[in-house]
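Using the sequences and the hints given, assemble the complete structure.
Note that the protein sequences, when read in sequence, are chains A and B. Everything in the first sequence is counted per my numbering, starting at 1 for the first residue and increasing by one. Everything in the second sequence is counted per my numbering, starting at 1001 for the first residue and increasing by one.
These are calculated hints, taken from the structure and not from any lab test. Each residue gets a CB set at the ideal place from its N, CA and C atoms; glycine is no exception. Incorrect hints may appear among the rest.
What the hints assert, rightly or not - The list that follows gives simulated cross-link-like pairs (lysine-lysine, DSS-like), each with its CA atoms no further than 25 Å apart:
id	chain 1	residue 1	chain 2	residue 2
1	A	K159	A	K340
2	A	K332	B	K1014
3	A	K10	A	K218
4	A	K340	A	K218
5	A	K410	B	K1079
To be verified - Here are some, though not all, of the chain A residues that point toward chain B, as calculated from beta-carbon distances under 8 Å:
id	residue
6	Q35
7	D356
8	Q359
9	C374
10	L414
Said to hold, decoys possible - Derived CB-CB ranges, DEER-like:
id	chain 1	residue 1	chain 2	residue 2	range
11	B	S1126	A	T19	32 to 38 Å
12	A	Y48	B	S1086	51 to 57 Å
13	B	E1124	A	G172	35 to 41 Å
14	A	H20	B	E1083	37 to 43 Å
15	B	S1126	A	N309	51 to 57 Å
16	B	E1007	A	Q135	48 to 54 Å
17	B	V1103	A	E267	47 to 53 Å
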Amino acid sequence: MSYNPHEIRKDFPILQRKTHDNVPLVYLDSTATSQKPLAVIEAMNEYYRRSNANIHRGVHTLAEEATAMYEEAREKIAGFINAPSSKQIIYTRNATESINLVAYTWARANLKTGDLVVLTEMEHHSNLVPWLMLQAERGIELEFISVTEDGLLDLDSYKTLLSRTLRHAQGGAPKLVAFTHMSNVLGTINPAAEIIRMAHEAGAITVVDAAQSVPHLKMDVQALNADFLAFSAHKMCGPTGVGALYGKAELLESMPPFLGGGDMIKEVKLRSFRPNTLPHKFEAGTPAIAEAVGFGAAVDYLTKVGMDNIAAHEHEITEYALERLEEIPGVKLFGPSADKKGGVAAFTFEGVHPHDVAQILDRDGIAIRAGHHCAQPLHEKFGIPATSRASFYLYNTKEEVDLLVNGLYKVRELFG
Amino acid sequence: MDDLYREVIIEHYKNPSYRGHLDPHDIQFADNNPLCGDHIEITLQTAADGTVKDARFDGHGCAISQASADLLIESIIGKPLDEVKSLNKQSILDMLGIELGPVRLKCALLSLKVLKAGVYGLGEASDELVE
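See the structure below:
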């Protein structure tokens, strides 16, 4: 049976609702956060209705059930990205916290003044600010892989950076390369395996910001050979408040703990403590248990639909959307062609500010995002303060793209 | 179709009468709306009797922010500075003739915030100026 987004939509209660003047919701903002299927909402509900208790160390029935559910979800998440072991999945609040965890633990234990960290010009603030903070604190050096006019990473600039730094006077080859797998603005899918291979050849370890890729592409951390990989549940049909950090076992083992408190310890004395084993070493305090259960349910849901099916559907709809958007006079699209990107269409509209575009579309129930999408340096690079961004996921249809296009013609009419 | 995008707002956005930069000027102030990157600069010349002799705004942003800046400048030329100091949120909403949600209210009030920070000679524009 061929993929039918209209059938998929039935799984998402929110997609049945109406907005202003009783118009149906056209949700084109999944890059910011995805909607949640009933299966995820019910899993969290069921957890609270039946099994709620604090996890670990409890011996009563509920504590055992809650612990089992929390750990089963971790197994599911590990399987979803092909991690060798669920011990390598650290629960965090979101991809941002996952990246910060690496910056606060691995980086502070391993980087010193003058050490080079390579980023890209298309990073979300979440993979830029933690390193800027470390730069302010430690005096690490930051360099950036440049972005071409077409919105692709310039791998030649990366090579130059790697070879230049190999000859660096202080002997400073890069220690760390941190990059986004898929741009949240341009949609560009970066050649992660190649970037990682080149980093390893230069002796650097890698952090992959996979917040946009894990929800949309089949992920295999072992095939990528990623050292660290960060993602959030809420962008992949799961709840807010929970995310994950994948890390290679030897790196996670060698790192100091992150936050201190309960559950992350093996033994505590008044004047000392011993940290817990993986993954608990990095999970202090009572975590978001219901959310972790929802995360597991989201992984089940996406697996059932099939990541290859989702990617193929998104490709088809993105190709169609780019083609239709290009027809509209005054619209300028950013990012590469559909074959090199995920389901994101960022654009400017001549003479109309993105906020006005978003507001006018909202009157027709169409939800897009306007602004710099937490990637201010990237917008600066293209010489624009903001863009409008429509993004697509498993439940979006070509009819919705048509509604977006009609809405944009209305904007044009209004601003004449 | 849309109350928010009344003809008067679109008109002032597309063809502002007071866009520019006065040189020399007696008062100059600029600020951004960090949420959306809107930017407004206001330059103003005062007369000996304490009134606004002339004023201009410059910058970029959405229709609401730019139209309200143009309407605001139009309304203050020839007015005593004391009267400018007493302008508030409601004055802007009356000029625009629309209701605004909390997000777009910030767009609409940016120019007044900039103007009042300049007139009061403050180092920084705060939201309290336009409550």
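Hints, verified against the model:
1. Distance hint between K159 (chain A) and K340 (chain A) is fulfilled; the C-alpha atoms sit about 21 Å from each other, no more than 25 Å.
2. Between the alpha carbons of K332 (chain A) and K1014 (chain B) the distance comes to roughly 20 Å, so the proposed pair stays at or under 25 Å and holds.
3. Between K10 (chain A) and K218 (chain A) the CA atoms are separated by roughly 23 Å; this keeps the pair inside 25 Å, and the hint holds.
4. Proximity of K340 (chain A) to K218 (chain A) is assessed by CA-CA distance (about 15 Å); at most 25 Å being required, the pair is judged to hold.
5. About 39 Å separates the Cα atoms of K410 (chain A) and K1079 (chain B), which puts this hinted pair outside 25 Å; it is violated.
6. Because the smallest distance between the Cβ of Q35 (chain A) and any Cβ of chain B comes to about 21 Å, over 8 Å, the interface hint for this residue is violated.
7. Interface restraint check for D356 (chain A): the shortest CB-CB distance to chain B comes to about 5 Å, inside 8 Å, so the restraint holds.
8. Among the interface hints, the one on Q359 (chain A) holds; its C-beta lies about 7 Å from the nearest C-beta in chain B, closer than the 8 Å criterion.
9. Nearest Cβ of chain B to the Cβ of C374 (chain A): about 12 Å, over the 8 Å cut. The hint is violated.
10. Interface restraint check: L414 (chain A) against chain B, minimum CB-CB distance 6 Å, threshold 8 Å, status holds.
11. Taking 32 to 38 Å as the suggested C-beta distance range, the pair S1126 (chain B) and T19 (chain A) conforms, at roughly 34 Å.
12. At roughly 53 Å, the beta carbons of Y48 (chain A) and S1086 (chain B) sit within the given window of 51 to 57 Å.
13. With their beta carbons about 40 Å apart, E1124 (chain B) and G172 (chain A) fall inside the hinted range of 35 to 41 Å.
14. At roughly 38 Å, the beta carbons of H20 (chain A) and E1083 (chain B) sit within the given window of 37 to 43 Å.
15. Restraint check, S1126 (chain B) to N309 (chain A): a C-beta distance of roughly 52 Å satisfies the suggested window 51 to 57 Å.
16. Checked against the hint of 48 to 54 Å, the pair E1007 (chain B) and Q135 (chain A) passes, with Cβ atoms roughly 50 Å apart.
17. With their beta carbons about 50 Å apart, V1103 (chain B) and E267 (chain A) fall inside the hinted range of 47 to 53 Å.
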